[in-house]
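**Student:** The primary structure of each chain is shown beneath.
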Amino acid sequence: MDSELPKAALAVHDVSDESLLLAYRDGDAGAFKELFERYRGPLFNFLLRRVRDRSRAEELYQDIWTKVIERCGEFRGESKFSSWLYTIARNRCIDHGRRMKFRAHDSLDAPRSDSGQALVERVANPGPSTEDLATGATLKERIARAVEELPEDQREVFLLRQLQGLGFQEIAEIVGAPVNTVKSRMRYALERLQHELGSLREDVQ
Amino acid sequence: MNAEEFEAQVFELIEREAFDPNGIHELLAALPECREDFERIKGALALAEQLPLLEPPAHLDGVLLALAAAQASTTT
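Protein chains in written order, with my numbering: chain A, 1 to 205; chain B, 1001 to 1076.
For the record, the hints were derived by calculation from the structure and aren't laboratory data.
Watch out, some of these pointers could steer you wrong.
[Unchecked claim] Quick list of in silico lysine-lysine cross-link-like pairs, BS3-like style, CA-CA up to 30 Å: (1) A:K140 - B:K1042; (2) A:K101 - A:K67; (3) A:K33 - A:K67; (4) A:K80 - A:K33; (5) A:K80 - A:K67; (6) B:K1042 - A:K80.
[As the list claims (entries may be wrong)] Footprint (simulated), chain B over chain A, 3 or more residues, beta carbon under 8 Å: (7) 76 to 83; (8) 169 to 181.
Note that the coordinates shown come from a computational prediction; the quantities given were computed from them, not determined experimentally.
From the three backbone atoms N, C-alpha and C, an ideal C-beta is built for every residue, glycine too.
Just chain A, with the same shape it has in the complex (with noise of 0.2 Å):
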């Protein structure tokens, strides 16, 4: 892939991820802020509600940043910059689980500080008013709940598709299971969300 960027022909904006890469491999630091402003949103969310933590998802969120710009010299340009950087934050997820685990048996009879509750943004009463369940705020909360409540394999390809738009093969490649396999994982996610928030579903509508 030619790491060239036609910059009279081509506003940023057009140019691929995977040149935007391959010129910040050759020391242009622009091509960088670009990529970043493209995937600092998505990712951040896809970790948020990855690991339902939000000082753990800043502390990956950082990592995976930091990996990208350290190992920017690897990436040949052969597969796509989004695959790429949703494997590295997916594997640093499984990471961040194995050893949550691990501190979970090694702590057993410590107090818990998680009430299991809410997730990212833990508020304090659960069951929403029939005021509260006018407004957006309320309705936005519970959907995040209801997502992060998601089992894992569910959650993580509901939240490719969502957050970052990405195709069903690609999704496939990252999470390393079938198409087929992977669209049934999103079909059982949304149909789960919408059996939680069924109430509320003719409010978005």
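Please arrange chain B on chain A, whose structure you already have, making use of the hints.
**Tutor:** Chain B only, in chain A's frame:
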């Protein structure tokens, strides 16, 4: 397209509806048994669109962009 194929491609068909509504309506008219599934998934996707998005911390972004710039300057 039969019902099984429709089911397998329901996500693609929902996306297609945005630019080819007539084509999708014709398909649904020919496969009425698929309409409920199509509408249910479409409704769930509309619900999913409401997932709140949070901003990454600005100070972290600053640190990362500074790191990236420093790394780039060692390359040139």
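**Student:** Which of the numbered hints are not met once you compare them with the structure shown?
**Tutor:** Numbers 7 and 8, in rising order.
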